[in-house]
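Student: Protein chains in written order, with our numbering: chain A, 597 to 1208; chain B, 705 to 802.
Note that these hints are calculated values from the structure, not bench results. Glycine residues also receive a C-beta, built at the ideal position from the N, C-alpha and C atoms. You may find that some hints are simply not true.
To be verified - Now the in silico label distances, taken between C-beta atoms and shown as ranges:
id	chain 1	residue 1	chain 2	residue 2	range
1	B	Thr733	A	His1040	40 to 46 Å
2	A	Glu666	B	Lys712	37 to 43 Å
3	A	Ala1062	B	Gly778	23 to 29 Å
4	A	Pro745	B	Ser740	44 to 50 Å
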Amino acid sequence: MAMKSSDLRSRIETESELIRMCIEAATESGNAVEAWRRQRRTLERMPSLLAGALLHRLLHRRLLFPSLLEVFKHNVEEIDLRGENCVDAEWMAYLGAFNYLHSLNLSDCYKVNSAALWSITGMPNLKELDLSRCSKITDAGIRHLSSIPSLERLCISETGVTAEGIMLLFSLTNLRVLDLGGLPVTDMALSSLQELKKLNFLDLWGSEISNRGAALLQVFPKLSSLNVAWTKVTKLPILPSLAHLNISNCTITYLFKGEGDKARLAKLVASGATFADVCGALSNVETSLVSHLDLSNAHIDSFYFLPHLSSITYLDLSGSSMADDSVANIACIGAKLRYLNLNNTKVSSAGVGILAGHVSNLETLLLSFTFVDDSALPYIGMMPSLKAINLSSTRIKGSINHEGSDSAAVPSFLALKDLTNLERLELGGPQIKDAALFPLSSFHSLKHLSLQSGILTDESLPHFSAMQNLEHLSVRDAVLTSAGLDSFSPPPALRVLDLRGCWLLTEDAIFLFARKHSKLEVRHEHVSMSLSDTGGSSYLYPSEATSKTSQSKQRQKISLLPSRFDNSALKSYPSKQRQKMTHDRSRLLETDQRLKYTREELLALQFSSTLF
Amino acid sequence: MKKEDMVKLISADGFEFVIDEKAAMVSQTIRNMLTSPGSFTETQQRQVTFPDISTTILEKICQYFYWSLQYASGKETEFHIEPELTLELMMAANYLHT
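Here chain A stands alone, though its shape is the one from the complex (with noise of 0.2 Å):
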């Protein structure tokens, strides 16, 4: 709920260039704010989503201040002030007077104590309040919350609030969602809540609560979404109005034992969950409903009942005991399924090669950690509309030898070629090595591709460079070196260029290769990366920064041949780091034939290079 008025606000400031030039030139300083907060009239006119907008904005840019949260008061409908560790009673005792306030989020401001929620009790208009991890706030701060029966939406998890606090929430009665998450909830507290007929979203992470507790949620008609994940609970009550239930890190008997209709599910979390016998404990859940399954880690005798989740579209198998004897069980409900993550499973290229045909909708496949190796890529390659493949730490090399012929290894990623829709793929292994990159060339709805592999030199580079679409390359750990990347020609529409753990290169040569395609973000452990500004994601020195805002987007084009190093621009630097840089230039000719040396001796010649 309050996602969406967050959405409507950025909506404004991204469809209407005027508006956003406004809000920048408004909250440029503080003396810019000055020109502006005595003009009342105006202010009290302004629509709300602008003047939302604008005091979002102030406070990203630290101009925000008490006094001058009253020049909003009579406009500003929603207020997001999470993290804000400034947040205090002053400020409490100003959003007090926000006549039209429905929703304010105070989560993570750990100076709100419980005196200063007394500001805001009797709000009229206030029904979405996240107080959720303000340590300071004990049941004394519940009192004053009760004086707010508009109330809808209240998370206080994480707070001091005890069990006999939460008993004071009864008066709020028109309370649909309460989150409780990680507060001792005992089985009493929850009992004297029972006039909370509204309510549909609870919940009760990490509380007291028991089996008898659990009973007691049967009195909430309108249920629709629990969690008693990390409680002690091991068997609930038929609960008909429930459509999402999350009971993760529980010992689960049974679920909804009792006469009835079987329990709708849509989606069921039981990550870390342990089952005696998961058949029996699902046996009251009308499976062929269940569209999302997650039972990561969760300790599970038999996987008989899959072949009944009948319109399962997303199933989450990581870290539990699933095997390639069990894998038919998946292939039978795989025509809708989605997205399947067998991350950290037993699960080989047979495993995989069972699955291929029966799952034509299957858009991400996730299979790192696993025994898959190159025979496992045919038979991915079969699965029509992959868009994103994890195959990281597998044992995946990227050639078959086929047998007899000792020379010619086929390059296996080829059996990839056929996935059209193709946006992501990760792979990484040991083993994998430059030749075997070149089918990745051809691949040209690819966005994201992650490699991770000791043994790629330069040589992977240039596969690269053809990709029309990628946005996202990470290369890491890989023996690339400084000119090697100095003539790498980036493709036209990389964003993202991550070298972490390419030990070789060197900090000019990322400073220079970074200068040179101003519009990449580069990544790298000699990068420090500027965290201010977060929207555009553009990599970029101090000394450049102004340089950088009338940078037009024609500044793109990239010559194939790039000049190694044009003078004017070592001309701006002093001209010690310049000699460093010339002597760079000689000793990078050198490292080009890095491939004559041995690792221990590359690694010295980094280290040399870093006392330079």
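Using the hints, position chain B against chain A.
Tutor: Same frame as chain A, now just chain B:
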């Protein structure tokens, strides 16, 4: 420049701004007024009155229209907004869908 290619925008205090139709069309609201079927006075006389927008702001708006056209054609110059105008300009921009 032919007369048909121009439109007249009138501010709250009666000042008239005659600008290119192409520039005025940067505003979705003005575009709708000028191109809507039927015989609205706006469509016929090619002029629009804004009783809520002051002369200063309307002038700035017109400058923005031209700047926006230039910007779209690739010429990057800065459009300066005086901080004291930001609030009213923002509201006008909101109204004009520009």
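Student: Return the numbers of the hints above that this structure violates; sort them in rising order.
Tutor: As far as the earlier hints go, not one is violated by this structure.
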